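Q: Residues per chain, in single letters:
There are 2 protein chains.
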Amino acid sequence: MQNQANPIEIMANELARLPGIGKKSAQRLAYYIVSMPKEDVKRLADSIWEGRSNIKLCEICGNYSSENLCEICSDERRNKNIICVVKEPRDLTAVERVHDYRGLYHVLHGVLSPMDNIGPNDLNIRSLLMRLADGDVQEVIVATNPDIEGEATASYLARLIKPMGIKVTRIAYGVPIGSDLEYADEVTLAKALEGRQEI
Amino acid sequence: MQNQANPIEIMANELARLPGIGKKSAQRLAYYIVSMPKEDVKRLADSIWEGRSNIKLCEICGNYSSENLCEICSDERRNKNIICVVKEPRDLTAVERVHDYRGLYHVLHGVLSPMDNIGPNDLNIRSLLMRLADGDVQEVIVATNPDIEGEATASYLARLIKPMGIKVTRIAYGVPIGSDLEYADEVTLAKALEGRQEI
Numbered sequence: 002m003q004n005q006a007n008p009i010e011i012m013a014n015e016l017a018r019l020p021g022i023g024k025k026s027a028q029r030l031a032y033y034i035v036s037m038p039k040e041d042v043k044r045l046a047d048s049i050w051e052g053r054s055n056i057k058l059c060e061i062c063g064n065y066s067s068e069n070l071c072e073i074c075s076d077e078r079r080n081k082n083i084i085c086v087v088k089e090p091r092d093l094t095a096v097e098r099v100h101d102y103r104g105l106y107h108v109l110h111g112v113l114s115p116m117d118n119i120g121p122n123d124l125n126i127r128s129l130l131m132r133l134a135d136g137d138v139q140e141v142i143v144a145t146n147p148d149i150e151g152e153a154t155a156s157y158l159a160r161l162i163k164p165m166g167i168k169v170t171r172i173a174y175g176v177p178i179g180s181d182l183e184y185a186d187e188v189t190l191a192k193a194l195e196g197r198q199e200i
Numbered sequence: 002m003q004n005q006a007n008p009i010e011i012m013a014n015e016l017a018r019l020p021g022i023g024k025k026s027a028q029r030l031a032y033y034i035v036s037m038p039k040e041d042v043k044r045l046a047d048s049i050w051e052g053r054s055n056i057k058l059c060e061i062c063g064n065y066s067s068e069n070l071c072e073i074c075s076d077e078r079r080n081k082n083i084i085c086v087v088k089e090p091r092d093l094t095a096v097e098r099v100h101d102y103r104g105l106y107h108v109l110h111g112v113l114s115p116m117d118n119i120g121p122n123d124l125n126i127r128s129l130l131m132r133l134a135d136g137d138v139q140e141v142i143v144a145t146n147p148d149i150e151g152e153a154t155a156s157y158l159a160r161l162i163k164p165m166g167i168k169v170t171r172i173a174y175g176v177p178i179g180s181d182l183e184y185a186d187e188v189t190l191a192k193a194l195e196g197r198q199e200i
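For the protein sequence lines, the chains are A and B, in the order given. For the first sequence, the positions run 2 to 200 when the numbering used here is used. For the second sequence, the positions run 2 to 200 when the numbering used here is used.
Any given hint could be a false lead.
Put simply, identical chains are the same to the list, so a pair is met inside one copy or across any two.
Stated by the list, open to error - With a Cα cut of at most 20 Å, we get these calculated EDC-like pairs of lysine to aspartate or glutamate:
#: 1; residue 1: Lys81; residue 2: Glu60
#: 2; residue 1: Lys39; residue 2: Glu51
#: 3; residue 1: Lys24; residue 2: Asp186
#: 4; residue 1: Lys24; residue 2: Glu187
#: 5; residue 1: Lys43; residue 2: Glu10
Hints were generated in silico from the structure; no laboratory data involved. Note that this is a predicted model, so its numbers are computed, not measured.
Here chain A stands alone, though its shape is the one from the complex:
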């Protein structure tokens, strides 16, 4: 009964619904938040709600955006001849963090997954094909995850896009930079050998 009425417990229960936050750390966070200056908590709560309510999907690429077009699609300096296809907006952010890639993106919002009943129509694929029909794009890099579903999605996209005369590439597999060969799993190592490059 006490737990029902207590605002701290209510807050802790809401926090515990977030991924990676267990019951105990949710409670710890709730107690911390209650001890924070009110204006800081206001800013935190507002950033959460406003972040969620102000976000829409970019009409071109499907990235999260506060405007109708995301910052990348509306940036005239980006290379419009190349599109990098990712599963989720946070993957886009990861690629963007590299600062090497200057092309555009397309966010699928998922990958093909027969097990979860996710087919091509559940993904943001139709709008990708419409973008490609314009004729500007010369290459599509498929940067879905190197797992079964990511691979299946990449193959599916390649089958659709190649007949349009557009080059379809896949990000390279290999041992991660700075890692130890000894600890690489067999599949990764096999892929790294297979994809070896002349130096």
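Add chain B to chain A, keeping to what the hints say.
A: For chain B alone, kept in the frame of chain A given last:
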């Protein structure tokens, strides 16, 4: 520039200010929150803000409460002859979780710490002495953490309270030295209460 304007980044930055949430997990959480149903996010943000803004300190014991008196102080069934003194409200919650203790509490909101310039006047001690002056209380259990500051605070309280003819006890060293009350498991905490010694 992108990071300044982006609502997701703003949310991630606010989340990263919380203890135990690094920059990367804050970003992960922010992306997760953006993908949550709006009504769930509303409830989360409201619980955070309302939890903080509706909470005050119990006028008797200093515990967090949504009313002037906390649920424990206003519960007639609690044993008014015994007061358990804790450093923080979350320690009270930890003791309460044991379900063994049926007395009252007093929350100091800190411990003596000359290093941090925290003296007796910075703690909720005066109101404890006023409660004891009523004459109902026969025992004060000091359940501050088993560390240097917790010990010093316990000794200080014992010196103040014993002359009033009130028994002062310390929770037993069932709790591992140097640890945090909040993380003690129920059995350890129950043993510690059971084995309390007069100081």
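Q: With identical chains treated as interchangeable, where does the CA-CA distance between Lys24 and Asp186 reach 20 Å or less: within a copy, between copies, both, or neither?
A: This pair counts as between: shortest inter-copy Cα distance 14 Å, intra-copy 30 Å.
Q: Checking an output row: Lys43 and Glu10, CA cutoff 20 Å. Within, between, both or neither?
A: both (18 Å within a copy, 17 Å between copies)
Q: Quick one: Lys24 to Glu187, C-alpha cut-off 20 Å, is that within a copy, between copies, both, or neither?
A: Between. Shortest inter-copy distance 15 Å satisfies the 20 Å Cα cut-off; intra-copy 33 Å does not.
Q: Is it within, between, both, or neither for Lys39 and Glu51, if the alpha carbons may be no more than 20 Å apart?
A: For Lys39 and Glu51, both the intra-copy (18 Å) and inter-copy (10 Å) Cα distances are at most 20 Å.
Q: Is it within, between, both or neither when you check Lys81 against Glu60 at 20 Å Cα-Cα?
A: Answer is within: at 16 Å inside a copy they meet the 20 Å cutoff, but 65 Å across does not.
Against the hints set out earlier in the document, no violation occurs for any number.
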